[in-house]
Amino acid sequence: MDALVAHSLSKTYRGGGRSVRALDNVDLTIAQGQLFGFLGRNGAGKTTFIKIAAGLLLPSSGSVQLFGTDVVAHPREVRERIAIVPQEGKPFYHLTPREHVEEYLQVRGASSETSKSRADEVLKAMGLEPYARTPAMLLSGGLQQRTLVAMILATDAEFLFLDEPTLGMDPFARRQVWEVIRRSVRNGSTVLLTTHYLDEAEQLTDELAVIEGGRVLYRGTPDALKSKVRREVRLHFSSGFSAEELAPFGEVYAERGGLTVMTTRAQVEELTRMALERKIAVNVGPVTLEEAFLTLVGRDIEEEDSEAPLA
Amino acid sequence: MTWRRQANAVFRICWFNGFLGLVRSPLVFVALFLTPLSFLFFLYVVAPRAELPFGVVGGVLFSCLFTGSGMMNDCAYLRLERQLQQVFITSPLRPISWVLGMALSELTFTIPALVLFLGVLTLVISISIGAFFALLGVIILTWLLASSLGFLLSTFFRTLREIWPIGMVIFTTLSVLPPVFYPLAAVPASFRWVAYLAPSTFASQLAVRAAGLPAASVPSVPALGSIPAELLGLVGLAVLFTGVAMRFARWREP
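Protein sequences, first through last, are from chains A and B.
The numbers in this note's numbering rise by one with no breaks, and the one at position 27 of the first sequence is 27.
The numbers in this note's numbering rise by one with no breaks, and the one at position 208 of the second sequence is 208.
No lab work stands behind these hints, which were simulated from the structure alone.
Heads up, some of the hints might be wrong.
Here's a subset of chain A near chain B, in silico, CB distances under 10 Å, partners left out [to be verified]:
{"no.": "1", "residue": "57"}
{"no.": "2", "residue": "73"}
{"no.": "3", "residue": "75"}
{"no.": "4", "residue": "80"}
{"no.": "5", "residue": "94"}
{"no.": "6", "residue": "178"}
{"no.": "7", "residue": "180"}
{"no.": "8", "residue": "274"}
Covered stretches of chain B (chain A as the covering partner; in silico rule of three or more C-beta atoms under 8 Å from a C-beta of chain A) [as the list claims (entries may be wrong)]:
{"no.": "9", "stretch": "18-24"}
{"no.": "10", "stretch": "75-86"}
{"no.": "11", "stretch": "113-124"}
{"no.": "12", "stretch": "144-150"}
{"no.": "13", "stretch": "194-204"}
Only a predicted model underlies this, so the values are computations on that prediction, with no experimental measurement involved.
Using N, Cα and C, we set each Cβ at its ideal position, and we do this for glycine too.
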């Protein structure tokens with residue numbers, strides 16, 4: 001059964017004599033129990049989609065159904081079944097993580113006992129136990145974000161909208177959050193996750209969609225997206241090579257103060273031999289989801305000019 | 001979610017947002033006393049002693065009206081800066097329960113000031129039990145009216161920067177300019193009806209009558225200056241403001 005069905009969903013923001021089309025005829029379905037990823041650069045339309053699907057924003061045209069209920073026509077029925085981590089949300093400054101989780105669960109209708117036991121569970125799983133009784137105003141940004149995410153992941157909502165839930169968290173905390181997200185899915189929740197961490201999307205999602213300029217460019221598994229890149233291996237040289245020298249081996253990008261070449265397995269040996277002859281360190285790895293994403297949306301995007309192809 | 005659970009949620013919001021917010025930020029406590037007490041002190045120094053009870057009644061009403069300003073600020077802050085309104089309304093909690101919980105929180109912030117002013121009032125005039133409950137009714141209606149207005153306004157802001165000037169204009173117009181801290185009799189007789197353009201005048205005149213203080217007549221519109229008209233006005237406006245807030249408040253961005 002489909003948990004979410006969006007049909008020809010469009011949204012145009014108007015104001016100040018300008019109009020911006022944030023979503024352009026988006027068709028999307030998410031199956032029940034799926035952990036679905038939404039990738040796209042800033043302003044691509046991810047948050048707009050989530051806000052409409054969660055009943056927080058009206059679409060310009062098109063429809064979204066959640067578990068068969070129209071979100072625009074029946075927002076109350078839909079809201080009863082969802083929970084959302086908003087992008088850049090922040091907890092109450094005067095409440096502790098434990099209070100956040102317990103009070104939020106009770107506001108959602110859980111009993112005091114259930115709220116307490118779930119709070120214990122989720123605070124432990126997300127590494128918040130040592131800070132459970134510290135007011136949020138004394139917590140770091142990452143811990144505050146974890147508190148907000150803990151509130152939502154402690155619920156038994158059937159559909160979870162997680163808009164960049166691990167923003168600002170350290171790698172350890174991110175992995176703890178991933179585990180709790182996986183547990184929610186195991187318990188029957190459907191999750192729509194947006195993230196700029198492509199390793200997160202690769203680790204977590206069953207399927208993902210890449211959105212660009214309000215349109216869905218790709219929908220499929222992370223592996224299938226990676227296979228869209230013709231090259232299989234990426235080599236990064238911090239120095240010692242020019243873009244012209246590397247160009248015959250594949251696509252070359254300026255990256256992290258050096259050069260990265262995307263190439264085939266067959267050419268790796270030749271390139272590493274050249275690097276060894278010049279006594280240059282080389283970093284070799286498989287093509288990542290990030291490479292596939294950048295290839296799909298195009299590297300020559302304004303915000304990432306530094307990674308525009310050189311050759 | 002059942003009505004019982006909704007009611008429980010309302011009190012939970014009042015508990016963690018209002019009560020815990022108050023006890024963990026004592027400065028809020030001080031700030032809430034400061035403005036009405038300053039007005040009261042000013043009246044004590046410059047006004048004739050006979051007018052002091054009007055100032056105390058004014059302090060009671062100002063505190064109630066201030067819940068509207070607090071409601072506007074807090075709701076806008078939780079929606080725009082913290083994005084917590086979105087977190088709470090995307091849940092089985094009904095939007096009206098969220099509003100009621102927030103309004104009760106604001107009332108919680110105001111209760112210490114109300115207790116103080118009501119205490120002072122009993123010192124400056126003798127007040128019967130019946131009058132006390134009448135005053136309590138006016139307080140509740142004024143709180144409802146101010147909270148509804150505050151919430152409605154909060155949903156239209158796009159940035160926190162807009163709140164300060166708009167809040168100042170609206171709540172100063174409601175609480176300082178009309179005869180809240182001074183008697184209606186101080187307004188020239190032929191212009192007294194103008195004061196009733198502010199909803200707070202209905203509340204202040206009812207409160208003045210409940211406290212047993214002399215209420216002024218409105219010669220140009222005599223029906224206005226009567227208890228039934230003022231009661232009808234206050235109840236009608238409270239219901240109207242609440243209805244408008246529930247109907248037109250923007251739960252979804254357009």
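Here's how the hints hold up against the structure:
Contact between residue 57 of chain A and chain B, as hinted, is supported at the beta carbon level, the nearest pair being about 5 Å apart and thus within 10 Å. A cut of 10 Å between beta carbons decides the hint on residue 73 of chain A: the least distance to chain B is about 12 Å, and the hint is violated. With its C-beta approaching chain B no nearer than about 7 Å, residue 75 of chain A sits inside the 10 Å limit, and its interface hint holds. Annotation: interface hint on residue 80 of chain A holds; nearest CB of chain B at approximately 4 Å, less than 10 Å.
The beta carbon of residue 94 of chain A comes within 4 Å of a beta carbon in chain B, closer than 10 Å, and the hint placing it at the interface holds. Nearest Cβ of chain B to the Cβ of residue 178 of chain A: about 21 Å, over the 10 Å cut. The hint is violated. Given hint, residue 180 of chain A at the interface with chain B, is violated; its Cβ is 17 Å from that chain's nearest Cβ, farther than 10 Å. A hinted interface residue such as residue 274 of chain A counts as satisfied when its beta carbon comes closer than 10 Å to some beta carbon of chain B; here the least separation is about 52 Å, so the hint is violated.
As drawn, the stretch 18-24 of chain B meets chain A at 3 residues by the rule of a beta-carbon pair under 8 Å; at three or more, the given contact holds. Coverage of the stretch 75-86 of chain B by chain A holds [criterion: at least 3 residues with CB-CB distance below 8 Å; count 5]. Interface restraint, the stretch 113-124 of chain B with chain A: violated (0 residues with C-beta to C-beta distance below 8 Å; minimum three). Given as covered by chain A, the stretch 144-150 of chain B fails the check, having 0 residues with a CB less than 8 Å from a CB of that chain where 3 are the minimum.
Evaluation of the coverage hint for the stretch 194-204 of chain B: breached, as 0 residues show C-beta separations to chain A shorter than 8 Å, against a requirement of three.
Violation of the numbered hints given earlier is confined to hints 2, 6, 7, 8, 11, 12, 13; the remaining hints are satisfied by the structure.
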